[in-house]
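Chemist: In case you want the letters, here they are:
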Amino acid sequence: MSNDREFGFSTRTVHAGCRPDPTTGARALPIFQTTSYVFEDCEAAAAYFNLQEYGNTYSRIMNPTVAAFEERISNLDGGAGAVSFASGLAAQSAALFTMLRPGDHVIASRALYGGTVTQLKHVLGKLNVGLDFVDVDDIDAWRNAINENTKVLFAETIGNPGGNILDIEAVAEIAHAHGCPLMIDNTFATPYLCRPLEWGADIVVYSATKFLGGHGTSLGGVVVDSGEFDWSNGRFPVIADPSPAYHGLAFHETFGVYGYLMKLRAETLRDLGAAISPFNAFLLAQGIETLPLRMTQHVANAQSIAEFLEADDRVGAVSYPGLASSKYQDLAEKYLPGGCGAVFCFELPGGREDGMKFIETLSLFSHLANVGDAKSLVIHPASTTHRQLSDDELAGAGISAGTIRLSIGIEDADDLIWDLGEGLGALQ
Amino acid sequence: MTAVDMAKYQDPEVIRRTLAMKRVAIVGLSDNELRASNFVGRYLLRNGYEVIPVNPMAEMILGQTSYASLRDIPGPVDTVDVFRKPDAVPDIARDAVAIGAKCLWLQYNVISEEGAEIASAGGLDVVMDRCMKVEHARYLGRMHWLGFNTGRVMATRDG
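First to last, the sequence lines map onto chains L and C. Quick note, the first sequence lines up with residues 1 to 428 if you use my numbering. Quick note, the second sequence lines up with residues 1001 to 1159 if you use my numbering.
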């Protein structure tokens, strides 16, 4: 029998979820590129479909390679388990869809990734779910926005792209006082820099496409659940009551701490179908093996570059929360002692025209719509990632026409600073 | 109510020792196949355990003869697995001691310090706020097939 030692974070990044294959002895995570699985007998097949036993039925719902990736991330976050999806947005919508029904209400931070803002506004709106955006820094605003139909509070650990840091503990307390879970998008911090479940959050979602994978090769998303939220508190009949979509099964009563995850997988993933491919899950699990090493270099580079930009007269405000000048310094020390991630913005006083010229002058930063790659990336949010937002919404997310977003990679910091210097030098 | 020291009743060594014993009486086993107790009973039966239902409201559950109380069960019992309200546990614990069971296992949310102390004083191991199905799947089964966090980290082939 193995021992019961509590292994450290780095050990778990390479081992959690991936035991040597019992049949072949393969040490690497095998890629089970199969749609379906042969049943041992009819009784086993029935037991799997009835969720009475842990068994593989169909890769839209579960797959051994995908499961290894899910266990790895849930282990690193300290959750009861995880369910992964084809993308971060698919994971996020499934997490919400599982707990919401028409007439419900959601409260979200105003400082979110533009794609998330669009998803919340338009998809939830179509499903007749009410929505209020609040100033992420205003704790009273979170409290005041709650009404009798509110089902979940949602924010990012580090806001995209404004660098706002959520006071997780304070907002979790408000959520729990009203019988609601707090759901956090932890994409920018990763579990290496912050584990929101340890601060009272109930559900964590990721775009694994970003730092978890780190290589920019694969889309994927994941939902991690603490297993500790009481879905039977009277506010969530959609989870606690017998489900018409699963022959009357009451997921929380029957599966306890695993109730939400079982419903997320056996109903939402089954029915909405945004399954991750086994190959992507393999690549993302492989990426996680170097997460601590990469994040250390990401945050060290980001800190150096943020300090370089802040010291340059040609640059306006720099949003990196790790700067001594940041209003988030106290929250950063509390929630992100290992560093504030590697995505932040700065302002070019010349606005849109200078923004475009700056980006076109860079030769080491790639101009593209992603973050969290090992390679450094740059984009102009107002014309790309946050294009669907109104001017007011842009301002609420801390974006202006002259905002440039950087995602700092793991190259040599000196080379990145040289490239940014070339870009600034091209401005009049 | 004072908080129960759960770690004392969730010792992995005790859990593994208990899972190795195969004769399990399930107190409060329901014949409704949507109830958690029925899921656990069915799972244990399919994974090599002998399951003895203890439920005065039924004669047969999962194809096994059901008994009104632990004391009515013929022959020895290794583990007494409890799906009842916490205030029923002290009496069940006394019965478990009387029939010479080896472990009193209290399922999720079946929290009874008094019952645990009675069983411990009678020489039984006690597991509390844990599920036999989940723990079997964690150590011996397929919990990792569905993305759950088993908490188990190992690099050997037979782990």
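Hints listed in this document are in silico derivations from the structure and should not be mistaken for laboratory results. Ideal Cβ placement from N, Cα and C applies to all residues, glycine included. Careful: at least some of the hints might be erroneous.
[What the hints assert, rightly or not] Ranges of calculated distance between the beta carbons of each label pair, as one might list FRET restraints:
| id | chain 1 | residue 1 | chain 2 | residue 2 | range |
| --- | --- | --- | --- | --- | --- |
| 1 | L | A245 | C | R1017 | 38 to 46 Å |
| 2 | L | Q388 | C | R1157 | 26 to 34 Å |
| 3 | L | G338 | C | E1114 | 40 to 48 Å |
| 4 | C | E1117 | L | T57 | 42 to 50 Å |
| 5 | C | R1017 | L | K126 | 53 to 61 Å |
| 6 | L | T34 | C | P1074 | 44 to 52 Å |
| 7 | L | T23 | C | P1012 | 20 to 28 Å |
| 8 | L | K126 | C | Q1064 | 44 to 52 Å |
| 9 | C | P1012 | L | A317 | 19 to 27 Å |
| 10 | C | Q1064 | L | T23 | 42 to 50 Å |
| 11 | C | P1012 | L | Q388 | 22 to 30 Å |
Chemist: Taking the hints in turn, state whether each one holds.
Modeler: Against the structure, the hints come out as follows:
no.	hint	in the structure
1	A245/L / R1017/C: 38 to 46 Å	40 Å, holds
2	Q388/L / R1157/C: 26 to 34 Å	51 Å, violated
3	G338/L / E1114/C: 40 to 48 Å	45 Å, holds
4	E1117/C / T57/L: 42 to 50 Å	44 Å, holds
5	R1017/C / K126/L: 53 to 61 Å	54 Å, holds
6	T34/L / P1074/C: 44 to 52 Å	47 Å, holds
7	T23/L / P1012/C: 20 to 28 Å	26 Å, holds
8	K126/L / Q1064/C: 44 to 52 Å	50 Å, holds
9	P1012/C / A317/L: 19 to 27 Å	52 Å, violated
10	Q1064/C / T23/L: 42 to 50 Å	33 Å, violated
11	P1012/C / Q388/L: 22 to 30 Å	50 Å, violated
In this structure, the earlier hints numbered 2, 9, 10, 11 are contradicted, and the remaining ones agree with it.
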